[in-house]
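**Student:** Residues per chain, in single letters:
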Amino acid sequence: MTSPARLLVRRVVVGAVLLTLVLISTGAGTTNVAVAGAAVSFTDSVTATRNHLVNGADDVVETRTIKLHVDQTADLRDRQEINVTWSGAHPTGGLVGDRNSALAADEEYPMVLMECRGVDSSSAPESKKISPATCWTGTPIERMRSETTFSWPPFRVDRYATPADRQAQVGVPSPVPKDCEGYTSGVQHWIPMIGADGTVYGGGPLGCAGIPPEAANSSSSLQPSNTTYAATDPDGTGAAQFVISTEESNATLGCSAKVPCALVAIPIIGTSCDVAAANEPDADRPPSDVADEAYKRCSATGKYLPGQPSSGFPNQEDLAVSGDLWWTASNWRNRITVPLKFAPPSNICDIANPSAPSYIYGSEGMLQATLQWGPAFCLNRSLFKFQHVVTSEVEAKSLLEARSIEAAFVGNPPDTPYSRPVVHAPVALTGFSIVYKVDRSNHTAFHSLRLTPRLLAKLLTESYPSNATVRNEYAALKNNPVDVGLDPEFQALNPDVLRSGYQREAASTLFAMSSDSDLMWALTSYINEDAEARAWLDGKADPWGMKVNPHYKKIKLPLAGWPQLDTFIPEGLRGSNGCYDASPVPWLPLVAGPVSAVSQITLNMQFDVANSQIACAHGGEPDQHFTSLGRESPGNRLLIAITTLPDADRYQLDNAALQTHVSSSAPTKFTDGSGRTFVEPTDASLRATARMLKSDDTVGTWPIPYHALRATSAGEHAYPGTMLMSVDVPTAGLKAKDAKRYAQFLRFAVGKGQIRGFGNGQLPPGYLPMTSANGLGTQAKYTTIAAAAVSAQGGGIVSVRTLKTTKPAGSSTGSGNIAGGGGDGVSIGAIPPPVTTTTQQPGPIGLPSEGNTITPVTVGKTLGLFAGYPGLTLPVVLAVTVLALLICGATLFIRRWRASR
Amino acid sequence: MSTIETPQRDELVIDVRTKEPTPGSAIRVQRRSSGGLTRGVGGAVLWTFTAIAALSLWFLFHALILTSLQEHGAQVRLRAQFREQVAAATAPVGPRIKQGSPVARLDLGLPGLHNVIVVEGTSSSVLIRGPGHLAATPLPGQSGVSVIFGRSATYGAPFRSITNLSSGHTIRVTTGQGAFTYRIDRIRRAGDPILSLTAGASRLTLVTSEANGWRSGWAPDHAVYVDASLQTGAAQPAPAGIPTAVTKRSQAMEGDPSALAILVFWLQGLLLASVLVSWAWTRWLHGQTWIVGLPIVFAVLWGVSGAVLRLLPNLI
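Same order as they appear, the protein sequences are chains A and B.
Residues in the first sequence are numbered consecutively from 368, following our numbering.
Residues in the second sequence are numbered consecutively from 19, following our numbering.
Note that these hints are calculated values from the structure, not bench results.
Some hints could be false.
Straight line, CA to CA, 27 angstroms or less: simulated DSS-like cross-link-like pairs of lysine-lysine [said to hold, decoys possible]:
id, chain 1, residue 1, chain 2, residue 2
1, A, Lys1036, A, Lys921
2, A, Lys1061, A, Lys923
3, A, Lys920, B, Lys116
4, A, Lys1228, B, Lys116
5, A, Lys921, B, Lys266
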């Protein structure tokens, strides 16, 4: 091996070892593709004490040493999720399902995680320091307290608070804003939010003194804030996923590569009390008749048991130990500040490089890679700016064929070959992932979902009735389980998953795209190879009696665009749903709720949004309309969707394990997964698939061997959802400058771009680097040769089998246009692409006989067209004739024989 | 006096006493019916299967022989029409031409195929008249790839022997834009490469069907393509506005599902005709019934088998 390769291997090995240690030490059970490389993690610890001042002496009630670990603190991108783990904290009680909502602040002894702007250093200037006023909360309720019944709540007798903070009215603007009149009696403590631009939002009850535009008065929005009131388990450990926001999604907080921010973890230990308040002025000292009550409330140790869920009623918790008081000095002084470093924003190239970009249209699956590769190009003066325009792969291929674009990211080559010479150069190995948000019957998160192709087929084909009304009315589905959670096949493989409490409609479908996509093609290819799934789709009932929706029976797979074929309108739902009554449309396609972009699916899954469009917004009013079901509450979720593997890794979504092999001893009516192998997408399983790739010159790529994956032993531990992403670039007809740019991009993509990491130009998680060790050396070499062909623009085509470029003989005129044609018979139903008249020169021209003889190149293969059964009509009729005549003759003969007897 | 009796079926009684017909008496000859041939279960079976055999034979006869007559008739009419249009310079040159109208004359250089008129349209119904031009391609003689479909077994089978042609064989085409000579390059089957076309050049592709083995010649099963490139004659620019897609029935190896409705109509006609003829058989003299019934039944049968043939793939 040459030294750069050795260096790369060494880096990968070191990174892998580091990561393994990190994963072991954190004990996090995530199932993402292993990250190797520069993940800068952070560990720190703090000793928190609860120390009351009683009669002038310290009364230490509690001491804990909390150790915190964050897995990634550098190169962070907007909406990315990072893993935070800790140990040694006080166990949380009064648990609330949605840890990001304002209600979760009422938990006792939570671990509060917030993103704050500034640096945590006493030497920093005031405007750049971290303080509760620069920490983000999604609602004003989480940063204020008002007490009207008792004048000495715990935060007024906080031992560590400054005298200014112990006053009766703190943070109320003067003069009182008009909206706040009437809310300022009693004890009020409001923390303002200081925006990045210096704007001060006063907050207050109902946000009367102003709230930032990204905040709301209640936590019901579809995209929650990232303030997390995480729960510590009874053994003192805990884990949470924290969503990073940069200025792209939160301009008020304004974190970016230039504005320092930090993750502040506040382990709530409870207020340390000083009721005597010897150093306070009289106004801030509790009088003797209430001192005992004030001390009782302030030193309370919590009403809930560790791990006990919240009663659901307000004000049941002890305020002194609740997360509401994260901002009091007793808790704030115990904070652990984790400095965060951000990657360049996704729009950096628009800002930093004003030159015209070269566009590459196509696959969503490449988005995460191009987000990291893009800045490496546009910030380098000697390179160029490229822009990845995300469209469906099928659309990108059509645009490339129509010559509207010059390069496309695709999964498979097009069915009809392009009409000009095009290289299909592999640039990344990734795949689709079936992501899920599923909870156990004990309402904790479930992390080991297993799915068979038949289950995926059931979810896609609208075969679950989704609710009891539809089941009763729709005869074809009346024997089917209402949703996947009640399907015995699903329960056998995932026994611990809860069976009620979630939205049943959202659990009866696989959330997918409405547009054409190579992801769908890959998924349906995988489903089609499985004998059980194929038989089920052809109409055979599964061992428990479930049958496919008749509209999807015998559906021909694979498909790039999944159709919504059901047409049933359940009358019984019209009474309960005003929108449905007004416009009754087929119900099951509404439940399926497909979206046009894969990124929307990822967003919905990140925030547990069930996208079934069956909720009625503004019911009864003229503007009533269908809308999505909205967020499911953590603890009661069952959502399954398809997205890309890099997206799943960035947003920390769990990947389901897909069935690869069924041994002959496995029962058909199974009660567990024995005899069946399930594989999650990991480096090892992607590598196993990569090693099985074989070149195929007829399609010009290395197609994913779905049949071999299913049938051979090598495929047993290979991930069947793997996809080889390639770039289609023509080798004739481009301008020289563009051709050189795309060639440069191709060389980069398989060279430096395959080094794992989070920095500019590196390969993010979710992709398997294209190296020989991973079985992808030939593909990388092909791309390098293809880059040369693109750069030369001579119409060369590189064979995937021999890696040789075949160039046309002789010279080609000027732009070297070789118009395509003769595509007749390419597929049943297709017609030859007509040669557009715009490329013709006016006037009659003869065949170029002498002079420039251009050797024609193969632009495709003739496909077979068969007459099939109708073509057998004449032979069948002839056979019928002969048979009939024979029978007549036989009858006559029998008659004569009988008569002559 | 002999009694006058109405002759029964199968009965013609000769009165042996008089030995000569007396005025007013009917001649009855007792014809011994052949042992109850048409009676009982055996009789029913015989009748049924005779009918089936007759219908099937009719279908074969119609498909392989009578349809040629139909096509020749259509070609005669089209030849006259096309000659007149070319003379008056009103022959269509595209881009959108009415289905069924003649657009070109082909001389395939084979016996009997010197003056084949090509019509516009490639559905099974249109190809009854002769070879058809695929509407989404330019006409022969215009630059680009022009595609012509032709049947190889029924309706005159104009393209039955083009697969025997060797490369270099010339095809002459006359359209409203002039006369062009094409030279055959290759015969393409499934798996053969499709070659690119230089800008401005013209290619003619003839599409038909063939079969190997026992089915060859009368029951073709797969499509075959013959590519020819323009040899003499300047390629005319193809007009703008050529349709980019054709309906499913106009594509290769597709039947015409609109014939289904017509088939139902003809089958009803057949039923009616059968009922009427059966009724007439009992009421009229047999000869009379034959004279009246036979043409009606033949006509209806022609309609039925014609409709069935239109449902079959258009290249057969």
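**Student:** Given the proposed pairing of Lys920 (chain A) with Lys116 (chain B), does the C-alpha separation stay at or below 27 angstroms?
**Tutor:** violated (39 angstroms)
**Student:** Within a Cα-Cα threshold of 27 angstroms, do Lys921 (chain A) and Lys266 (chain B) meet the stated pairing?
**Tutor:** Holds. Lys921 (chain A) to Lys266 (chain B) sits at ~21 angstroms (cutoff 27 angstroms).
**Student:** Below or equal to 27 angstroms on CA atoms is what counts here, so check Lys1036 (chain A) against Lys921 (chain A).
**Tutor:** With a Cα-Cα distance of about 22 angstroms, the restraint between Lys1036 (chain A) and Lys921 (chain A) holds, given a limit of 27 angstroms.
**Student:** Within a Cα-Cα threshold of 27 angstroms, do Lys1061 (chain A) and Lys923 (chain A) meet the stated pairing?
**Tutor:** holds (25 angstroms)
**Student:** So if I understand the rule, the pair passes when the alpha-carbon distance is 27 angstroms or less; does Lys1228 (chain A) with Lys116 (chain B) pass?
**Tutor:** violated (32 angstroms)
Of the hints listed earlier, those the structure fails to meet are numbers 3, 4, in rising order.
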